[in-house]
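K.L.:
Listed below, chain by chain, are the residues.
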Amino acid sequence: MLKEFASYLTHNVIGLEQGSRFSEVIEFFIYDSFKIFLLLSVIIFIVSLIRSFFPPEKTKRLLSNKKEFIGNIFAALLGVVTPFCSCSAVPLFIGFIEAGVPLGVTFSFLISSPMVNEVAVVLLWGFFGWKIASIYIGTGLLVAIFGGFVIGKLKLEKWVEDYVYKFCIEQKQEILKQTFKERLQYAKWNTVQILKRVWLFIIIAIGIGGFIHGYVPQDFLAHYAGKGNPFAVPFAVALGIPLYSNAAGILPIAYALVEKGLSIGTVLAFMMAVTALSLPEMIILRRVLKLPLLGVFVGIMTLTIIAVGYLFNMIL
Amino acid sequence: MEIKVLGYGCATCEKLVEMVNQAVKELDIYAKVEKVTDIREIMKYTMTTPSLVVNGKLKHSGQPLPSLDKIKQLILSEK
Numbered sequence: 012m013l014k015e016f017a018s019y020l021t022h023n024v025i026g027l028e029q030g031s032r033f034s035e036v037i038e039f040f041i042y043d044s045f046k047i048f049l050l051l052s053v054i055i056f057i058v059s060l061i062r063s064f065f066p067p068e069k070t071k072r073l074l075s076n077k078k079e080f081i082g083n084i085f086a087a088l089l090g091v092v093t094p095f096c097s098c099s100a101v102p103l104f105i106g107f108i109e110a111g112v113p114l115g116v117t118f119s120f121l122i123s124s125p126m127v128n129e130v131a132v133v134l135l136w137g138f139f140g141w142k143i144a145s146i147y148i149g150t151g152l153l154v155a156i157f158g159g160f161v162i163g164k165l166k167l168e169k170w171v172e173d174y175v176y177k178f179c180i181e182q183k184q185e186i187l188k189q190t191f192k193e194r195l196q197y198a199k200w201n202t203v204q205i206l207k208r209v210w211l212f213i214i215i216a217i218g219i220g221g222f223i224h225g226y227v228p229q230d231f232l233a234h235y236a237g238k239g240n241p242f243a244v245p246f247a248v249a250l251g252i253p254l255y256s257n258a259a260g261i262l263p264i265a266y267a268l269v270e271k272g273l274s275i276g277t278v279l280a281f282m283m284a285v286t287a288l289s290l291p292e293m294i295i296l297r298r299v300l301k302l303p304l305l306g307v308f309v310g311i312m313t314l315t316i317i318a319v320g321y322l323f324n325m326i327l
Numbered sequence: 003m004e005i006k007v008l009g010y011g012c013a014t015c016e017k018l019v020e021m022v023n024q025a026v027k028e029l030d031i032y033a034k035v036e037k038v039t040d041i042r043e044i045m046k047y048t049m050t051t052p053s054l055v056v057n058g059k060l061k062h063s064g065q066p067l068p069s070l071d072k073i074k075q076l077i078l079s080e081k
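Those sequence lines, one after another, are chains B and P.
Each residue of the first sequence is one higher than the one before, counting from 12 in my numbering.
Each residue of the second sequence is one higher than the one before, counting from 3 in my numbering.
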């Protein structure tokens with residue numbers, strides 16, 4: 012139905028001649044834009060609605076005094092649905108630790124939250140197909156569970172800033188009751204906010220797919236950084252760590268890279284590195300973590316994401 | 003009456019302060035409106051900001067901000 016609609020718009024409304032290369036490109040562009048924005052709107056709305064049931068205060072309660080491993084799994088999953096931005100990482104971190112959430116479990120949450128979320132998933136789905144999207148979710152969760160678990164096992168509490176463990180919240184943080192109407196309002200608001208933030212990147216990405224396609228030789232990058240090159244993954248991850256962007260911002264680049272022959276595994280690893288680790292987030296986390304712990308965190312994440320990149324390239 | 007707006011100084015927090023002041027003025031009540039930016043103080047109530055506390059009770063947390071009418075309602079509910 013969407014295909015017919017795109018075709019109608021191209022030929023009847025815009026009035027382009029049928030069969031020309033240009034009109035095909037336009038039709039493809041319209042079709043892809045509608046498909047992705049439709050997917051995005053619906054899924055962000057649904058996830059936001061679910062999200063309204065998991066404010067951080069509730070997640071904290073669900074995770075406090077959970078055993079390791081089980082706790083890591085829960086934390087990684089809750090990271091997907093609990094609203095979080097790196098700007099609130101400090102109060103969140105302190106709140107979790109204070110409530111008795113183990114350090115490793117807290118890290119599982121901090122890792123999964125920015126990396127595995129509805130925007131990343133929908134975009135991967137729309138541009139690369141549902142298979143790639145599910146693999147990204149699965150491995151993203153694994154990275155979060157594993158990374159947090161290892162940090163927990165290393166017993167690094169001594170490298171958390173001292174004041175965090177001395178923090179004492181006398182009263183229990185309240186969870187406000189919300190009516191269903193308020194939840195719907197939140198979901199709508201959140202959907203609009205996210206769309207406002209990402210639409211331009213998506214248009215650019217679709218544009219790259221439709222227009223720049225064919226100007227650079229298809230295997231341009233494959234030649235240098237294809238599956239055969241063992242340094243492609245570590246290089247992409249190292250490049251991605253300092254970069255700060257959400258999944259949408261990185262998408263045009265990711266899409267262009269895959270178009271030009273970079274293997275999808277390398278690109279997924281790149282995307283994980285960009286979203287999970289960033290310089291601004293490190294600076295914020297430095298307020299609660301001493302440098303060695305921050306270093307261990309970055310180190311473990313880097314190695315895990317590189318391993319995942321190789322795994323992707325092997326199975327895809 | 004004691005009203006606290008909790009936030010770390012972001013633009014939306016400022017906006018909430020403005021709206022609360024407006025609400026207090028329009029309701030024509032006596033209330034002390036205080037901006038709270040200290041993390042220890044904020045964490046007594048919530049991890050999410052901006053938030054609204056009236057007479058020690060958490061009334062609103064996070065975005066989107068409530069409407070002016072809703073803020074008036076929230077303030078009056080503690081009167």
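Some hints could be false.
Derived lysine-lysine pairs resembling BS3-like cross-links, with alpha carbons at most 30 Å apart [unchecked claim]:
1. B/Lys199 to P/Lys74
2. B/Lys183 to P/Lys17
3. P/Lys37 to B/Lys69
4. P/Lys74 to B/Lys142
Which bits of chain B does chain P cover? Going by a derived footprint, with three or more residues having C-beta under 8 Å, they are [as the list claims (entries may be wrong)]:
5. 14–26
6. 57–68
7. 273–284
FYI, nobody ran anything at the bench for these hints, they're computed from the structure.
Quick reminder that beta carbons are idealized off the backbone N, C-alpha and C, glycines included.
K.L.:
Run the distance test for B/Lys199 versus P/Lys74: straight-line Cα separation, threshold 30 Å.
P.N.:
23 Å, holds
K.L.:
If you draw a straight line from the CA of B/Lys183 to the CA of P/Lys17, is it 30 Å or shorter?
P.N.:
Holds, at about 27 Å.
K.L.:
Quick one: see if chain P covers the segment 273–284 of chain B, three-plus residues with Cβ-Cβ under 8 Å.
P.N.:
That given contact is violated, which follows from only 0 residues of the segment 273–284 of chain B lying within Cβ reach (below 8 Å) of chain P.
K.L.:
Take the segment 57–68 of chain B, compare each residue's beta carbon with every beta carbon of chain P, and decide whether three or more fall closer than 8 Å.
P.N.:
holds (count 3)
K.L.:
Sort out whether B/Lys69 lies within 30 Å of P/Lys37, counting only the CA atoms.
P.N.:
25 Å, holds
K.L.:
Count the residues of the segment 14–26 of chain B with a beta-carbon closer than 8 Å to any beta-carbon of chain P: does the count reach three?
P.N.:
Answer violated; 0 residues pass the 8 Å Cβ test.
K.L.:
Is it true that the CA of P/Lys74 sits at most 30 Å from the CA of B/Lys142?
P.N.:
Distance of about 49 Å is beyond 30 Å: violated.
In summary, the structure is inconsistent with hints 4, 5, 7 from the numbered list given earlier, while agreeing with the others.
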